[in-house]
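Between the sequences and the hints, there should be enough to build the whole structure, so can you do that?
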Amino acid sequence: MQEQISAVILCGGQARRMNGVDKGLQRLQGKPLYQWVYQAIATQVDEVIISANRSLSQYAESGLPVISDHIEGFLGPLSGMFSGLQTAKHDWVLFVPCDTPFLPVNLVTRLLDKRRTNTEVVYVTDGEREHPTCCLLKRTLSADLKSYLQQGNRRVLQFFQQHNYETADFSAQKSCFTNINSLEQLAFYHQRGNLK
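So the sequence shown is residues 1 to 196, counted in the UniProt record's numbering.
Read the hints as simulated data drawn from the structure, not as lab findings. Given the structure is predicted, the values throughout are model-derived calculations rather than measurements. We treat Cβ as the ideally placed atom computed from N, Cα and C, and that holds for glycine. Don't take each hint at face value.
[Stated by the list, open to error] Under the rule of at most 27 angstroms between Cα atoms (straight-line distance), these lysine-lysine pairs were calculated in the DSS-like manner:
no., residue 1, residue 2
1, LYS114, LYS89
2, LYS114, LYS146
3, LYS138, LYS174
[Unchecked claim] Cβ-Cβ distance ranges computed for the label pairs, FRET-style:
no., residue 1, residue 2, range
4, THR43, ASP169, 20 to 30 angstroms
5, SER175, THR43, 18 to 28 angstroms
6, ASN118, GLN58, 18 to 28 angstroms
7, GLN191, LEU157, 28 to 38 angstroms
8, GLN162, LYS31, 34 to 44 angstroms
9, GLN185, LEU64, 36 to 46 angstroms
10, ILE71, GLN162, 11 to 21 angstroms
11, SER182, ASP113, 30 to 40 angstroms
Pasting the structure below:
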(Lines of atoms letter the chains of each structure in order from A and count residues from 1; the text may use other names and numbers.)
(Lines give C-alpha, C1' and ligand atoms only; values in the text may rest on other atoms or scores of the structure.)
Protein backbone atom coordinates (compact mmCIF):
# COMPACT_ATOMS: atom_id res chain seq x y z
CA MET A 1 0.00 0.00 0.00
CA GLN A 2 1.28 3.47 -0.88
CA GLU A 3 2.30 5.67 2.04
CA GLN A 4 -0.23 8.32 3.02
CA ILE A 5 0.96 11.92 3.02
CA SER A 6 -0.53 15.09 4.45
CA ALA A 7 0.15 18.47 2.84
CA VAL A 8 0.08 22.01 4.18
CA ILE A 9 -0.07 25.06 1.91
CA LEU A 10 1.71 27.89 3.72
CA CYS A 11 -0.38 31.06 3.27
CA GLY A 12 0.45 32.75 6.57
CA GLY A 13 3.18 35.20 5.56
CA GLN A 14 3.07 38.99 5.65
CA ALA A 15 3.91 39.42 1.92
CA ARG A 16 6.08 42.50 2.52
CA ARG A 17 7.29 42.48 -1.10
CA MET A 18 3.63 42.58 -2.23
CA ASN A 19 2.78 45.62 -0.11
CA GLY A 20 1.24 43.40 2.56
CA VAL A 21 -1.61 41.97 0.47
CA ASP A 22 -2.68 38.40 1.22
CA LYS A 23 -0.46 36.67 -1.32
CA GLY A 24 -2.33 33.38 -1.50
CA LEU A 25 -5.52 35.18 -2.55
CA GLN A 26 -3.92 37.17 -5.39
CA ARG A 27 -5.37 36.01 -8.69
CA LEU A 28 -3.37 34.50 -11.51
CA GLN A 29 -5.49 34.09 -14.63
CA GLY A 30 -8.67 34.29 -12.57
CA LYS A 31 -7.65 31.82 -9.86
CA PRO A 32 -6.13 32.58 -6.42
CA LEU A 33 -2.46 31.55 -6.17
CA TYR A 34 -3.16 29.03 -3.41
CA GLN A 35 -5.65 27.26 -5.71
CA TRP A 36 -2.90 26.77 -8.31
CA VAL A 37 -0.76 25.20 -5.61
CA TYR A 38 -3.64 23.03 -4.41
CA GLN A 39 -4.29 21.73 -7.92
CA ALA A 40 -0.59 20.94 -8.37
CA ILE A 41 -0.38 18.79 -5.22
CA ALA A 42 -3.92 17.45 -4.68
CA THR A 43 -3.40 14.19 -6.57
CA GLN A 44 0.00 13.62 -4.91
CA VAL A 45 -1.22 13.59 -1.29
CA ASP A 46 -4.06 12.25 0.87
CA GLU A 47 -4.90 15.36 2.91
CA VAL A 48 -4.47 19.08 2.21
CA ILE A 49 -4.57 21.75 4.93
CA ILE A 50 -4.25 25.52 4.50
CA SER A 51 -2.11 27.42 7.00
CA ALA A 52 -3.22 31.08 7.12
CA ASN A 53 -3.24 33.93 9.63
CA ARG A 54 -5.79 36.23 7.97
CA SER A 55 -8.63 36.05 5.44
CA LEU A 56 -9.58 32.75 7.06
CA SER A 57 -13.16 32.77 5.78
CA GLN A 58 -11.96 33.28 2.20
CA TYR A 59 -9.60 30.32 2.45
CA ALA A 60 -12.36 28.26 4.08
CA GLU A 61 -14.50 28.74 0.96
CA SER A 62 -12.20 26.16 -0.66
CA GLY A 63 -13.71 23.47 1.58
CA LEU A 64 -10.23 22.62 2.88
CA PRO A 65 -9.39 22.74 6.59
CA VAL A 66 -7.78 26.07 7.54
CA ILE A 67 -5.44 26.42 10.52
CA SER A 68 -3.65 29.42 12.03
CA ASP A 69 -0.26 29.55 13.71
CA HIS A 70 -0.44 27.98 17.17
CA ILE A 71 2.32 30.36 18.27
CA GLU A 72 1.31 34.00 17.73
CA GLY A 73 3.32 36.80 16.18
CA PHE A 74 4.05 36.08 12.48
CA LEU A 75 7.12 33.99 13.30
CA GLY A 76 7.70 32.96 9.70
CA PRO A 77 7.21 29.70 7.82
CA LEU A 78 8.42 27.50 10.68
CA SER A 79 5.46 28.60 12.77
CA GLY A 80 3.08 27.45 10.04
CA MET A 81 5.05 24.22 9.78
CA PHE A 82 4.71 23.65 13.52
CA SER A 83 0.93 24.10 13.37
CA GLY A 84 0.79 21.84 10.34
CA LEU A 85 2.76 19.07 12.04
CA GLN A 86 0.40 19.25 15.01
CA THR A 87 -2.70 19.08 12.81
CA ALA A 88 -1.73 16.61 10.07
CA LYS A 89 -3.13 13.07 10.18
CA HIS A 90 -0.20 11.31 8.54
CA ASP A 91 3.41 10.67 9.60
CA TRP A 92 4.94 12.59 6.70
CA VAL A 93 3.85 16.12 5.87
CA LEU A 94 4.53 18.01 2.65
CA PHE A 95 4.89 21.78 3.02
CA VAL A 96 4.64 24.14 0.06
CA PRO A 97 4.37 27.94 -0.10
CA CYS A 98 1.25 29.53 -1.58
CA ASP A 99 3.29 31.52 -4.13
CA THR A 100 4.66 28.58 -6.15
CA PRO A 101 1.90 27.89 -8.70
CA PHE A 102 3.97 25.71 -11.04
CA LEU A 103 4.94 22.83 -8.72
CA PRO A 104 5.82 19.58 -10.53
CA VAL A 105 3.59 16.50 -10.61
CA ASN A 106 6.47 14.35 -9.33
CA LEU A 107 7.24 16.50 -6.27
CA VAL A 108 6.09 14.08 -3.58
CA THR A 109 7.49 10.98 -5.31
CA ARG A 110 10.93 12.56 -5.65
CA LEU A 111 10.96 13.75 -2.03
CA LEU A 112 9.87 10.34 -0.74
CA ASP A 113 12.53 8.60 -2.85
CA LYS A 114 15.29 10.62 -1.13
CA ARG A 115 14.48 9.34 2.37
CA ARG A 116 16.91 7.05 4.16
CA THR A 117 16.28 4.98 7.28
CA ASN A 118 16.60 7.86 9.78
CA THR A 119 15.59 10.78 7.55
CA GLU A 120 13.41 13.41 9.20
CA VAL A 121 13.52 16.15 6.54
CA VAL A 122 13.78 16.24 2.75
CA TYR A 123 13.79 19.62 1.00
CA VAL A 124 14.09 20.88 -2.57
CA THR A 125 17.15 22.35 -4.27
CA ASP A 126 17.22 23.46 -7.90
CA GLY A 127 20.96 23.28 -8.49
CA GLU A 128 21.41 26.97 -7.68
CA ARG A 129 19.09 27.71 -4.77
CA GLU A 130 17.67 25.85 -1.84
CA HIS A 131 13.89 25.88 -1.41
CA PRO A 132 13.44 24.89 2.23
CA THR A 133 9.73 25.76 2.33
CA CYS A 134 9.15 23.03 -0.29
CA CYS A 135 9.82 20.10 1.96
CA LEU A 136 8.70 16.84 3.47
CA LEU A 137 8.88 16.66 7.28
CA LYS A 138 8.35 13.82 9.68
CA ARG A 139 5.51 14.65 12.05
CA THR A 140 7.63 13.62 15.06
CA LEU A 141 9.67 16.85 14.61
CA SER A 142 6.84 18.83 16.21
CA ALA A 143 8.29 18.96 19.75
CA ASP A 144 11.79 19.92 18.54
CA LEU A 145 10.33 22.62 16.33
CA LYS A 146 8.30 24.08 19.19
CA SER A 147 11.44 24.33 21.35
CA TYR A 148 13.39 25.88 18.47
CA LEU A 149 10.74 28.57 17.97
CA GLN A 150 10.40 29.24 21.70
CA GLN A 151 14.14 29.91 21.83
CA GLY A 152 13.60 32.74 19.34
CA ASN A 153 14.96 30.92 16.31
CA ARG A 154 13.35 31.46 12.90
CA ARG A 155 15.74 30.07 10.28
CA VAL A 156 14.27 27.17 8.36
CA LEU A 157 17.51 25.69 7.01
CA GLN A 158 19.21 25.95 10.38
CA PHE A 159 16.43 23.88 11.93
CA PHE A 160 16.59 21.30 9.15
CA GLN A 161 20.36 20.99 9.42
CA GLN A 162 20.06 20.13 13.11
CA HIS A 163 18.22 16.97 12.06
CA ASN A 164 18.71 14.05 9.68
CA TYR A 165 18.03 15.71 6.35
CA GLU A 166 18.33 14.97 2.65
CA THR A 167 17.90 17.19 -0.38
CA ALA A 168 16.09 16.45 -3.64
CA ASP A 169 17.72 18.01 -6.70
CA PHE A 170 15.18 19.41 -9.15
CA SER A 171 17.75 21.11 -11.44
CA ALA A 172 15.92 19.80 -14.50
CA GLN A 173 12.65 21.35 -13.27
CA LYS A 174 13.97 24.62 -11.86
CA SER A 175 11.13 26.75 -13.25
CA CYS A 176 8.59 24.68 -11.29
CA PHE A 177 9.77 26.39 -8.10
CA THR A 178 9.36 29.97 -9.31
CA ASN A 179 8.03 32.15 -6.49
CA ILE A 180 5.60 34.95 -7.31
CA ASN A 181 7.06 37.61 -5.01
CA SER A 182 5.74 40.86 -6.46
CA LEU A 183 2.66 42.28 -8.09
CA GLU A 184 4.79 42.92 -11.20
CA GLN A 185 5.74 39.25 -11.38
CA LEU A 186 2.10 38.29 -10.94
CA ALA A 187 1.15 40.58 -13.85
CA PHE A 188 3.91 39.07 -16.01
CA TYR A 189 2.67 35.50 -15.54
CA HIS A 190 -0.94 36.63 -15.83
CA GLN A 191 -0.23 37.97 -19.33
CA ARG A 192 1.72 34.92 -20.49
CA GLY A 193 -1.40 32.78 -20.86
CA ASN A 194 -1.67 28.99 -21.04
CA LEU A 195 0.27 28.31 -17.83
CA LYS A 196 -1.11 24.78 -17.36
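Status of each hint after checking the structure:
1. Of the supplied pair hints, the one linking LYS114 and LYS89 holds, its CA atoms being roughly 22 angstroms apart against a limit of 27 angstroms.
2. The suggested pairing of LYS114 with LYS146 holds, with an alpha-carbon distance near 25 angstroms, which does not exceed 27 angstroms.
3. Between LYS138 and LYS174 the alpha-carbon distance is near 25 angstroms, which keeps this suggested pair within the 27 angstroms criterion.
4. For THR43 and ASP169, the Cβ-Cβ distance of about 23 angstroms falls inside the hinted range of 20 to 30 angstroms, so the restraint holds.
5. Range check, SER175 to THR43: about 20 angstroms between beta-carbon atoms, so the 18 to 28 angstroms window is met.
6. For the hinted restraint 18 to 28 angstroms between ASN118 and GLN58, the CB-CB distance of approximately 40 angstroms leaves it violated.
7. The hinted range of 28 to 38 angstroms is satisfied by GLN191 and LEU157, whose Cβ atoms lie roughly 34 angstroms apart.
8. Evaluation of the 34 to 44 angstroms hint for GLN162 and LYS31 yields a pass: the beta carbon distance comes to about 37 angstroms.
9. The hinted window of 36 to 46 angstroms between GLN185 and LEU64 is violated, with their beta carbons roughly 25 angstroms apart.
10. The beta-carbon spacing between ILE71 and GLN162, approximately 18 angstroms, falls within the hinted interval of 11 to 21 angstroms.
11. About 34 angstroms separates the C-beta atoms of SER182 and ASP113, a value consistent with the hinted range of 30 to 40 angstroms.
Checked against the numbered hints listed earlier, the structure breaks hints 6, 9; every other hint is satisfied.
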